[in-house]
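Novice: The listed protein sequences derive, respectively, from chains A and B. Per our numbering, the first sequence starts with residue 1, numbered consecutively. Per our numbering, the second sequence starts with residue 1001, numbered consecutively.
Calculated from the structure, these hints are not laboratory results. Treat the hints with care, since some could be wrong.
Straight-line alpha carbon distances no greater than 27 Å define the calculated DSS-like cross-link-like pairs of lysine-lysine that follow [unchecked claim]:
#1 A:K25 - B:K1074
#2 B:K1076 - A:K25
#3 A:K28 - B:K1076
Some chain B residues near chain A, calculated using beta-carbon distances under 7 Å [what the hints assert, rightly or not]:
#4 Y1025
#5 T1062
#6 Q1063
#7 I1078
Beta carbons: idealized from backbone N, C-alpha and C, even for Gly.
What follows is the residue order along each chain.
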Amino acid sequence: MIERSIIGVESKPVTYEIEKGAIKKFAKAIGEDNPIYFNEDVAIEKGYPSLLAPITFPTTFREDVPDWFSKLDKNKLLHGEQSYTYHKRLFAGDKVDVTEAVTDVYEKSGSNGLLTFIIRVRKGYKEEALLFTEQSTFIIRGGK
Amino acid sequence: MEQEVKATFEKLTKPPITRMQLVKYAGASGDFNPIHTDEEFALNSPMKGLIAHGMLSMGFLTQYVEKLVGDPLKIKEITVQFRSIVRPSDVISLEAKEVVSINNLQKLELHAKNQHESIVLKGEAFIDK
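Take the sequences, apply the hints, and build the full model.
Specialist: Okay, structure coming up:
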């Protein structure tokens, strides 16, 4: 059962340190072949401080899973939408403070019955400057 | 409303999705939902079989956009809708069209399609000029 009461304010930040090994592993898993994700010398030659983190890398920030998410029935969970807006990209060595908030919960009835939509927004900050915003739409089939 | 297409880019076709790739993506992303890696769980679920992480297809799409744009740091925003499921052995192709420019940003319309030409992912990206 999904309650609108999970809509709320931005959580306290969780700090993630971006590791070179994690970037390489993630880049390899998505079939990336650009050396800026694997070879620090190439990245530095491009003027980057270290390896660049792929655009979707913040999806790996999963240390602090909120209660409402762990309680979702994974059999009924669909990923509807995802977006990333970057002010500044992430690099290996960065320490990123990530907050999250559920910004909306609503229901729609479709041909397959009731669907519950949950909108989650996460923001990444470095020294209080906003680096990126990630927005995810989760869809729960069957609703309440 | 259809937007005027200013340019169409060459598509990129990725190698077929493998189960090993889903295991690796689960490990690298931390998304251990068994629907992606546990065949028995997946067969008994409403999905009736393993499905690929939507975020894996989004990863393909961001790679493709970076190849088109050249400088990865120029990509300011990318949004996708997951339209249909992707399964192991599916072959994903990425397509892009340049549409309007808004406030110094180029807008690309993006699609990922499977081997049956069905749209699995629809998106847009905004690129610094």
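Novice: Hint by hint, which ones does this structure get wrong, listed from lowest number up?
Specialist: Per hint list: zero violations.
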